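Colleague: The lines below spell out each chain.
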Amino acid sequence: MSEKKGLLKRLAEGQVWTSIFRGGGVPKSRRQRMMVILNSVFLHLHPVRLPKHAVKLKFTWCMGGLSFFLFLILTISGILLMFYYRPTIEYAYVDIIDLAEQVPFGIMREIHRWGAHAMVITVWLHMFRVFMTGSYKPPREFNWAVGVILLLLTLLLSFTGYLLPWDQLAIWAITVGSNMARATPFLGSEGPGAALLAIGDINFVTMASDVRFALIGGRFLGEATLLRFYVLHCIGLPFIIMIFMAVHFWRIRKDGGISTPM
Amino acid sequence: MTNQQERYYNILKLNKWFAISSLLFAFIWLLTFANDFNRPWKKYQIEFRELEIEKTRADIKVASESLESNEDYSALKSKLEVAKNEVESNQEEIDSFQEKVQVLEAELYAINQNYQFAKADLDVAKYNFEQAQHGHGDLESATKTLNNLMVLTGARKLKAEIIKGKVEEANNGLKTLRQSLKEANDAISAIARDKNLLDRKLVKIDPEEMTFSNKIANVVRDIPVLDFIDPYYEVKQVVIKDIEDDMVFMGVPKVDRCMTCHMGIDKKGFEDAPQPYTTHPNIDLYLGASSPHPMNEYGCTGCHAGRGRGTDFISSAHSPDNDEMANRWEKELGWHPLHHWETPMLPMKYVEASCLKCHSGSIPSKAAPKLDLGMTIVEKGGCFGCHQIDGFENVPRPGPGLRKIKSKINKDFAYKWIYEPRSFRENSWMPHFFKQINNDDPISVKRTDQEVHAIVSYLFDKSKSFKMDRLPNQGDADNGRLLINSIGCLGCHNIEGDERGASLSVNVLRREHGPELIKLGSKTTQRWIYNWIRDPQKYSSETKMPNMRLSKQEAADISAYLISQNDVEFEQNTVPTVDENELNMIASDLLSSTLRQDEVEARLNGMGLDEKLDYVGGKLIRQYGCFSCHNIDGFEDAKPIGTPLSTEGSKLIAKLDFGYFHDEIPHTKWDWFNLKIDNPRIFDMIPQEDDSYKIKIKSPLDKLRMPHFGMNNQEREATVTVMMGLVKDEIPPSKLPSKTERYLAIETGEILIMQYNCKGCHSIDGDGDAIQPTIASWLSEIADKTTAEDKSLVLSFSPPMLDTEGRKIQPNWLFKFFNNPTMIRPNLQVRMPSFEMISDKEWNSLIKYFQLKDGQTIPYETPHTIVKNSTKYKAGEVIQEMGACDNCHFYGNQKPKQAALTWGPNLALVKERLRSEWLIEWYRDPQAIMPGTKMPAPYIPWEEPIDDVKESWGKNVAKLHSNPEKLIEALRDYTWGISGPTDVSRIVKAHLASEGYGFVIEEDDWGDEDW
Amino acid sequence: MPEANKKKSVAVPPASPPPAALGKTNAGSEVTRRSFFSWLSIGWIAFVAATGGFFTMMLRFFYPNVLFEPVQTFRAGYPEDYQVGEVDLRWKGKYGTWVVRESEGIYALSTVCTHLGCTPNWLSAEQKFKCPCHGSGFRKTGINFEGPAPRPLERFRIVLADDGQIIVDKTKKFQQEKGQWVDPEAFLKV
Amino acid sequence: MMEAFKHLIDTLSKPTILVSFTFIIFFFVFPPTDWFDKWHRRLKFDGLWSVKSFWIITALLVGFFVFGLGDSDFRSIMLKPDNVPIAGLIFLVFFFTWLSMNQAYNNDKLVEAGQPVDEQYDAPNDKILVWPDLVYIELITIILFSAFMLVWSIGLPAPLEEPANPSESPNPAKAPWYFLGLQEMLVYFDPWMAGVVLPSLIIVGLMAIPYLDNVKEGSGYYSFKDRKLSIAIFMFGWLVLWNLLIVIGTVLRGPNWNFFGPFEYWDSHKIEALTNINLSEFIYVKWMSSGLPGNILIREIWGMVLVLGYFMILPPLLAKTWLKNLFDRLGVARYSLFIVLILAALTLPIKMYLRWMFNLKYIISIPEYFFNF
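So the protein sequences, as listed, match chains A, Y, B and S. All you need for our numbering is the position in the first sequence, starting with 1, plus 856. All you need for our numbering is the position in the second sequence, starting with 1, plus 29. All you need for our numbering is the position in the third sequence, starting with 1, plus 577. All you need for our numbering is the position in the fourth sequence, starting with 1, plus 69.
The set of hints was computed from the structure by calculation and includes no laboratory data. Keep in mind the model is a prediction, meaning the values are calculated, not measured. Beta carbons: idealized from backbone N, C-alpha and C, even for Gly. A few of these clues could be false.
Claimed, not checked - Below, a list of computed lysine to aspartate or glutamate pairs in the DMTMM-like style, where the Cα atoms sit at most 20 Å apart:
(1) Y:265 / B:646
(2) Y:283 / A:946
(3) Y:870 / Y:779
(4) B:755 / S:341
(5) S:430 / A:1046
Unchecked claim - Computed list of chain B residues with no C-beta within reach of chain Y, every gap over 12 Å:
(6) 669
(7) 700
(8) 761
Said to hold, decoys possible - Far from chain Y, some chain B residues (derived; all Cβ distances over 12 Å):
(9) 689
(10) 699
(11) 709
(12) 749
(13) 758
(14) 760
(15) 762
The shape of chain A in the complex, shown without the other chains (with noise of 0.2 Å):
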């Protein structure tokens, strides 16, 4: 016993370990829990101190905290399915078999899918925990309108992601959802106000330059589709979700942390 505790502290203390985590050893001070948030780049996303509310999951649901890892686990599972997964419309459809028959751990879609429809719910019960607390007053207005744009990065994400088995399910789901950008005002094919932009015979709104068409590649749901969502869902959209995240995160602790009763 006293030989193992021995070789744990030694190691605690050893030159290896201290220079990976400042500091060493276990907190057990003050000071050694606050440096312990402090030194690390993961964990210095938290604050050091905090109201004692918002340790407790009555108040926070903590569906914040569940919607990030749930990006997490999107994005680990994500990379992963990319391996295996081709976005042609040749292999699209029997890659996502494959994951079922023979990829090894081809659950991994299952924890991708259902994790991005957990996500939608906890995204939204994150909104509705914090209109509940009345959390988007003042000084956190803009950090709400933040909100509100990775909610709505979020259905993105989830939208064109929903694409990319190509079966029956993805791509009338697309068509159904896509089919009411051709009716965006002025911009869509078949939106209102789009036959007035032209001039003479030459109309400048049509299926092949609208809206609809810059979102699916085409005039018709296809191949170019298919390669778009699959770029938007892999790259696109987290790029621009994460920036939003790190603003949305550097904001909570910036406009002083979880809300308080004044």
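Using the hints, position chains Y, B and S against chain A.
Modeller: Then chains Y, B and S, alone, in the frame of chain A:
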């Protein structure tokens, strides 16, 4: 003083720099947009648009001029004016009608809507009723609702229909009032339709004709950034899903953008426009929407090759036809070959290569004459003997069998011939192996002298003996010459040593099917020739030479003629003596490939001179691949020695060794092939600055050994065309000619026809009859020059044309004829030979070919029957009598009345030989079936007054008089009934011997009084 | 450290005191103020323009110059190719379209039954389209009159090309129940 | 008995009944004003947020699902893999609504009693260090949640239907479930409204909340009394216009977007009479019995006047009368934004009722320019 503001730079300066850098940045952005906007193809589209505008204007001018001069048009115009006035005068009435219609339609709208709604409710009620019957819901109330709604719907429908009737009535009133105006308008627009279409087109493309807003749109649509919406100038392309570009181990659907610049390619009317706007020269065969290769389904690069996705002159991999063109392109277009693309565009001279991809079974010779020629050269030259080429598996070896060579020639001739065949026979297909660029130095010559000795020795040693009959007599050489000229030898052989002429064609090559028959006196003996032509199969069972059924005397005469010429110069060539030392060296080279040096010496010491010669000869025959073209004992199963060529056109260019010639010729496959064929050993050489060559260091056995065929430029081009067409592209069945029974039959038939050179004598669908010029010259000899210039006469002495053979001949007769040819046209000297080597299966294929080609799908038919005492038959008798058919035709053994010159087939043959339907066709218009035939259309008196007919043609003809078709049938039936012996050859022979052809007859043969 | 010192030593303040911050004018002389203002505004205008260029490029990038979509329009020959009163079946298999010629003009009907998407047959003797699946019947105009089909057949856009040929464009559909058949492109007047 | 109950549920869940019932009862459950609050308490709806009610409602919900899963039609809808999250959503939304309202009512009581709210703390003495408490509970939450995700993933395979076939649309073709609220709106609005304008307004409206709600109280703790109006409006949007419509769109819409009760078979042959007409037809065809005028402007002028009046005249009118207090509190700018958002949101129930009562299709109908409202 401290810097209170903690500043370093002057902010004004920074502002300035900020402004400058931003301006620069903005300017660079402008450049970026300009760069993207400026695409190489745009200038061509702009230019083509001008061309199109110009053309449309010209067309409009023509159209309106023709309209102006059209009387109907001006008449219609004034009619329109009248109609307009009329309608105007009725305006009040029209207005009242219109008002009425408006009111009624409003009413109808409401009532109709009510009806529709009731009907919708009724549908729901029906559904609910069904559901209730199924146990969901209250049946009673559902039934009640349903019944109520049925009544309601019915009532509303009735009401709506009444109003509808009223509306129609009013509308009809309106229509009547406006009828004349509408008619005039319709008539005018019908007559001016073409011009209106042109007008509309011009308004779309010509800014000068556009409305103001369209003028603006015309500019706006093509400005940078906005040019995605509906640009006038845009990349055009066709995507062909099932033709794929080879992307190494996989295919990618073909995308061709050629029409982005070649904008006129599929539009008629730009035939004379400059490139790249020219219309395709053969738009009915290619690109046209109704052609067999429409642009949308076949694209461009499937045939032309190149990089279809290219939108720039260079990136689309254009290839020039020649150096002059290359230089011009470099100067004018900055052209350079596109590297890193394996399939550059085929130069126009090789473009027919691509036909082979899909049409390898049956080359469309009219559309691809060069490819056809190339395929013939490959077959005649025997390329497929050394190089495996798909599709040639069953073609027999092109050279004569050498198994009984001893009896045919002597060793001296063999030596000289092998050494240099063309020194004896200028256009021989036997290629040169010796005295080539890589073996004509003294050391090599010393060696090759002995090599040939060894080969000859081997061949003669292995040769079996051939038991020959004696000549009956010396033969008459003069008669022999006439026989050769007349019986058909010249369908496959040349005899005069003619030049081929400037332009080579497949037809010329048909007469090189067999060897040229000159100077045989230097080659063989009369006795051998006599025995050979009497029965070729006896000498060589593999020969393609048919049996001409020559009599002993004929054969003697012919052999006398053939032997009469010799080549003194050739005979004087000396044959070097056998040199055992040199032989030893060759033998040891050959042996050392498998044995140690000491073993080699031991083996050599154990061999005598003859043994050595045989050993070396055998090895060299293998080395040079002689067995590829000749049947030689001991090489029955030898494998081809050359590179397989089945996919040579798809070979990576890196796999072709340009050696030291990479700067001498363009770096293309076709130029490499061309040089290789022109000078097969050249890649053993190192070119020098003074145009001489030095040879690479190579052992004699490692040297390049492909022989030299002495092809001229045209032959090489044709051969390279074939090679470029031997590609591994996978063509989907949808793009191939559909493999119907007919297609397959024609494919098989054409191969046989080529193999046995049928078209050397016969013409089929306008191709063949290679023998005809020699028939003409023979005629000029036995008659006179004017006779020889009479095309129809030459035709009547030529082998028959086989255009409608399938419809014409009864298959059983044809099969019998093939196996045992008999006389049909008595005046012919040309004989159908006996092809003893053709199997029953092949004959069947040929018969099927003729039948299916003519749409004759069933081989067995109910025979045509006649009733001899019928009106028809009797009428036919009169018609044949009046037509004097017996002037030219045999009736059994009854000789025709006129001279032999005009004789036609024995009519006793008709019943068993011809098909009755065809005979009708033939009687109706012989010229339609066989243009230029001497056979006149029988006179049928159907246009004459009935009384006259009755008087001069009798009652039977008069009965059928009104129906010319029946009269023709009558003649047919009579002919059908003619019987008698069918073989009249003895009578003919006797007649010709005593009276000749009677060429002197100059007057009209047919006697005016009968017609 | 030495570098910082060096900087400090070089940092001699300019002769005239510079304005305090970007975009805000200092209480300097009129001349400085004007020149400052104009340079800055030129700078910003140019910068915004350049950034606009970037975003324009991004936007334009999403609209390719060619499309690889299957062709949805086809040329259906000339109006004269069609007999008045006849339902033409030649485009049924390849393009799923019936072309009907009436005395007034021509229209193109979709061959998809509005009930469950089967392909009805044209029965010329009875002058109706009859769906083999569930027996829906449509008149020659495409109007449904029997069976379960809920609405008339759809019509495609049909116009005349420059060369006088008929062009049928399947991307644009006209539905009778929406009142779209009165659209000039739903019916080609001849 | 069971069948009768199912039939009752089917009938009750018809949009007309379900939505009307929700509309009526909603503002008594979440009273926006004192008047409603009075009735709220009088109707004992405040008891909803007690622990006892929680158990009763949970038991009812669970009971309903357990009962429902016995029915094949219900099962085939609810157990469709992508619909499973909705079942979860129903429970979660109820639970968290209850949780927040429960805490809010407790806090309200504390405030009334003059005591500090539950979340009140004495800064900075009451602060706690993050290490290890927060970090630790986060770790535990993550572990539990990960375990939950794995169980979910093992238990429910992700759906994969037939390969995509652009020429064969399933009936009904549905968007992902979280957009089904929008798709449900398509029944009443043209796509440009349901798919573009209203979603945009939702985003804008959500982002505008902090700027419109200028009540200082209620920041940082659960409360209801001081924020009655904002919470009621938010709840209306969140619970009714969003979650309820999602449930309707997912569970109650079948082939041809026809309505089907939760225990009803999705019969693709079911017919609903399409007898809707436009306002212009009402006026010109039904009442004036003249045909529709050819001129679009004349034809649609009535609808335009109505819509313009709704959005331009109603706000100032309300500001003067009903919403005087609110107007005073918010000021012109905030009030304008607020009222436009509210009026836009109200167009949905308005159009629903116009459709149900008068078969009204469009108030303004200009299909020529794809402009239908």
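Colleague: What hints, given by number in increasing order, does this structure fail?
Modeller: none
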